[in-house]
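These protein sequences, in sequence, are chains Y and F.
Numbering follows our numbering, with no gaps: position 173 of the first sequence is 173.
Throughout, our numbering is defined as the position within the second sequence, counted from one, plus 1000.
Quick caveat, the hints were computed from the structure, so don't treat them as lab data.
Check before you lean on any hint, since a few could be wrong.
[Claimed, not checked] Subject to a maximum C-alpha distance of 35 angstroms in a straight line, what follows is the list of computed DSBU-like cross-link-like pairs (lysine-lysine): (1) Y:Lys-64 x Y:Lys-227; (2) Y:Lys-64 x Y:Lys-174; (3) Y:Lys-5 x F:Lys-1086; (4) Y:Lys-5 x Y:Lys-227; (5) F:Lys-1086 x Y:Lys-14; (6) F:Lys-1013 x F:Lys-1086; (7) F:Lys-1056 x Y:Lys-64; (8) Y:Lys-174 x F:Lys-1086; (9) Y:Lys-215 x Y:Lys-6; (10) Y:Lys-6 x Y:Lys-174; (11) Y:Lys-174 x Y:Lys-5; (12) Y:Lys-14 x Y:Lys-227; (13) Y:Lys-64 x Y:Lys-6; (14) Y:Lys-64 x F:Lys-1013; (15) Y:Lys-227 x Y:Lys-215; (16) Y:Lys-227 x Y:Lys-6; (17) Y:Lys-6 x F:Lys-1086; (18) Y:Lys-64 x Y:Lys-5; (19) Y:Lys-227 x Y:Lys-174; (20) Y:Lys-174 x F:Lys-1013; (21) Y:Lys-215 x Y:Lys-174.
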Amino acid sequence: MIAVKKLVKRFGLKTVLRGVDFDVQPGEFVALLGPNGAGKTTFLRILASLSRPSLGEVNIAGYKLPHEAAQVRAHLGVVSHLPLLYGDLTAEENLQFYARMYNLPNYELRINEVLEMIGLVARRRDLVRTFSRGMQQRLAIGRAVLHDPDVILFDEPYTGLDQDASAMLDDVLKAVAAEGRTVVMTSHDLGRAEDLATRFDVLSRGVISASASRKELMRTNLLAFYKQALAG
Amino acid sequence: MADRTTSRGSFLKAVAAVVWKDVRAEFRSRELFSAMLVFSLLIILIFNFALELDLKTRQSVTAGVLWSTFAFAGTLGLNRSMAIEKDRGCLDGLLLAPVDRSAIYFGKVISNLMFMLIVELIVLPIYSLLYSVNLFQPGLLLVILLGSIGYAGVGTLLAAMSVQTRTRDILLPILLFPVVIPVLLAAVKASSGVLGGADWDEILLPLNLLIAYDVIFIAVAFMVFDNVVEE
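Please build the complete structure, drawing on both the sequences and the hints.
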């Protein structure tokens, strides 16, 4: 579903990604771990076609970036630590707006489904600026799955959430993954990543320094694996 | 799913969606509109007190004062319009839509132009009262429309560029005014001609220049917008 080969990203003289190879099979839930400044967000922004790679190949759902970016985006949902929502529109209006941007036919039905999935039916006509951070993040997930994408990218989705909101987000993420979508999630929170992901990759010093499936991690714990990957 | 991304229908729907969203949000917050309007009224008031002129001189400075007012207020609106997109990461949300990104540009140009024209339509009668000049002439309204199209066209592109920097509030006027000078000069010349009762032949040259600038600026912006907004 996602195939990345020798990806390099430079900002001026600074090289952030130094030849990343990354493959994700359909239905996999990959947690992309790594310290601050490792390039996780940059990597996800390239996958989302928000940033151009300096070198290397990126294929998503059979389409090549950056030449077939619009086709890639049709198959992609993105959730970041910012909600990407308009505070002066209601929850429903935000979803209507994105449904139009994605040219969805008969979107009202789909909006109802999504609002139900994220538990915001009762607040659908409230302005988003009156929402708590947790509610905004749930709506952001609703926005990301509105067009029923095959691949969802989560960039630190737990940033700024309290414990209750994080637990609620866990449920929504599990529901999203249970629908068979391919998920790539960056996170600092090893505990949450361990609960959700089926594979764990560590991005360090601009390359994927280690990768292990949930099965492979049965013999050791995620923290030990992560520390070893950073040390190596 | 691919055909959802490429048809002309999806392009136009995306343009309409951006306009709908901007109008809806602005209707609730009135953030952009009120700032532009109050600023415009303050400028024409200040000019009115600063330039204690006789009736004839007032008429001769009208075009300059009007376009200075529109240009300054327009900058304020353009800055705010893009800042709203950037503040909550909404610009990324727009860029993630599977449409040609120039649809976002055209949507923003149309909504910025609408807000500018509404403010201008409110400013005109107030200016007429303060300066005792009749501004409701079809020729002048045409010049204002063409000048505003050029201003919003180039301003939206440069606002999308400057909003990605830390000094966006300062950077936009510094980038915009040198680029938009041809539009302002042609608009002032054409407006003066209309207000001074000049022959149509005299007005036609700046009017044609305005049309040419509008077409060139919008065509260039259409071609480069994708590169401006992508990292």
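Tell me the hint numbers this structure goes against, listed in increasing order.
Per hint list: single violation, 7.
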